[in-house]
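Residue numbers (the UniProt record's numbering), protein chains in the order written: chain A, 1 to 294; chain B, 1 to 264.
One thing to keep in mind: the hints can contain errors.
Lysine to any residue pairs mimicking SDA-like chemistry, simulated, CA-CA at most 20 Å apart [stated by the list, open to error]: (1) A:K30 x B:A95; (2) B:K134 x A:F154; (3) B:K134 x A:L53; (4) B:K129 x A:F159; (5) A:K30 x B:E96; (6) B:K134 x A:V116.
To be clear about the criterion: a stretch of chain B counts as covered by chain A if any three or more of its residues have a C-beta under 8 Å from a C-beta of chain A, and this derived list gives those stretches [stated by the list, open to error]: (7) 88 to 100; (8) 165 to 177; (9) 220 to 226.
Derived by calculation from the structure, the hints in this document are not laboratory data. All residues carry an ideal CB built from backbone N, CA and C; glycine is no exception.
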Amino acid sequence: MIALLEGIVRGLGVGSVYALLALGFVIIYKATRVISFAQPALMLAGVVLVSHLAGPLGFWVALPVAALLTAVLALGIERGAVRPMVGRPAFVVAIITLGVDVAIRVVVNIFIGLDVRNVHDPWGLDSWQLGSLQVQQRHVAAFLATALLVAALFAFFRFTRMGLAMRAAADDQEAALAQGVSVGAVFALSWALAGALAAVGGTFATAGVSFDGNLWLTALVALPVIILGGLDSLPGAVLGGLAVGVAQELVATYQNDLPWLGGNVSVITPYVLMLLVLLVRPYGLFGTREVERV
Amino acid sequence: MLRVRNLEVVYDDVMLVLRGVSLDLPSGAIVALLGANGAGKTTLLRALTGLLDVHDGAVTKGSVTLDDQQVHGLRPAAIVRRGVSQVMEGRRIFAELSVEDNLRVGGHTNAGAVGDRLDHVYGLFPVLKERRRKTAGYLSGGEQQMLAMGRALMAEPRYLLLDEPSLGLAPRLVDQVREIIVEINRLGTAVLLVEQNAAMALSIASHGYVLETGKVVLDKPADRLLADDDVREFYLGLGAADTGAARRSFRDVKHYKRRKRWLS
Ligand SMILES: Nc1ncnc2c1ncn2[C@@H]1O[C@H](COP(=O)(O)OP(=O)(O)OP(=O)(O)O)[C@@H](O)[C@H]1O
Ligand SMILES: [Mg+2]
């Protein structure tokens, strides 16, 4: 029972990271109908920025500054590599983002170097003891930060002029243009948001532990998450992320009871879960039916 | 005055769809634009509102001017800000947004006045006020047309371009749309009314144009268009005035075609 509860808490912490990354994918997809494979690089860039800035600035200043800088980087990618491709087939643009991803990671890796890096977060591996339950602070922090960001995003899309414009453009781009919405601004903003979310997500992914250039692989889990939740659903991204995190941690908790599955089955859990859901609901848990295949 | 001169529009670099169209929409007027399917009416409205780009279309000749300033080539947002709004064919409301959010997006370029404009639009369309929290996709066809018009009015346009607002509506609703157009115009907005329903359009317009395969073939005051034999026969479904209710014969059709060629 304790193991189960602890697994769930850990899962929510890990899942929060997936949720933040998946939100970035979905926000870009809804605005531009492009699946951005540049998210892993943006995440890595954000984390490296935090690791360099946290020394001089302290973690709590470094995090928002790094998120902002990553947003600017994302804006640059959108402007330089994606915008000129508007109107090309979706998969061509997706391939271009893949190229951008590799290129950025090469550059970012220079700033990782050979040292062991970490983000200097305040939690480390400290934990709280609640009765016989032991929960790590970093998982609770990741969950709370995600809850805060999701609430802020909700308010943004619901109540602000640009948020409404983004929803309108996602619904019918030409009709939004006809109302005087600048679709270019919508594209740019979606990339900026995704960049900032990736930076924060990545930082929580590596809180308490060190990271190296392979951290970008974590962002790949967002792919099964968005396919699970539905490519075009923001709630789907959040719930899908949390569900995948919890499933993964529970499998990790109990996999020793099933030794015939092998030692690392929790790693493939997200993909297995995705396949199972797709068998029942081909457009994901919350997605719209006619989402195009890329 | 919104003025179109010798406008040529090409899609995909090769398909010439407008071949030298000229048209005037004086401020405060209602002008009707009639024409069969595929004549190029929607294309003309796209050219007027900067939406050709989306369709790989481009103005290759001629000009669109608003109060003597060139506006073709401007981006849609700039044109809306200058006071020209379009209600697109097929309504194109944001189905997933609430009625009120649709209207707010309509006020995107007019952020300071959204509250006032909401009151104004709800005054014109009380049914939208009742349904303001509803998801727009669940509105009836007539309500969606009201919403599309209300959304365009949020920007406080001086020139409103309506693309087939009566399409697919029951006769009673067509009458309602017609009255609303008159009311909008009475409040000071010029209206360019694209219609297949020529009887409705000409009953409220002061001037009318007939577009055919990308050319203006008739350009007359509305009452004279109403009396025009070709218009009566092909747009109003009435017999030509001089032959009474005689059935349309092949010879008449040929005559019509000949005449059109001669006009063009
Ligand atoms: N995006 C496009 N690309 C290529 N050709 C187009 C495009 N849109 C319209 N056309 C062509 O341009 C011509 C004029 O079309 P348009 O939609 O302007 O006509 P319309 O008068 O509005 O017709 P309707 O009454 O059916 O709405 C048609 O032959 C149409 O096939
Ligand atoms: Mg049309």
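Are there at least three residues in the stretch 165 to 177 of chain B whose beta carbon sits under 8 Å from a beta carbon of chain A?
violated (count 0)
Proposed proximity, F154 (chain A) with K134 (chain B) (alpha carbon, max 20 Å):
holds (19 Å)
Measure nothing beyond the straight line between the CA atoms of K129 (chain B) and F159 (chain A); if it is 20 Å or shorter, mark the hint as holding.
Holds - the C-alpha atoms of F159 (chain A) and K129 (chain B) are around 19 Å apart, at most 20 Å.
Against the 20 Å threshold, does the CA-CA distance of K30 (chain A) and A95 (chain B) hold or violate the hint?
holds (15 Å)
Keeping to a limit of 20 Å between CA atoms, is the pair of K134 (chain B) and L53 (chain A) held or broken?
Cα-Cα ~47 Å, so violated.
Checking one constraint from the list: CA of K30 (chain A) to CA of E96 (chain B), max 20 Å. Satisfied?
holds (13 Å)
Is the coverage entry for the stretch 88 to 100 of chain B by chain A consistent with the three-residue Cβ rule at 8 Å?
holds (count 7)
Tell me if the straight-line CA distance from K134 (chain B) to V116 (chain A) falls inside 20 Å.
violated (55 Å)
Whether chain A covers the stretch 220 to 226 of chain B (at least 3 residues having a Cβ closer than 8 Å to its Cβ atoms)
violated (count 0)
Checked against the numbered hints given earlier, this structure breaks hints 3, 6, 8, 9; the rest are met.
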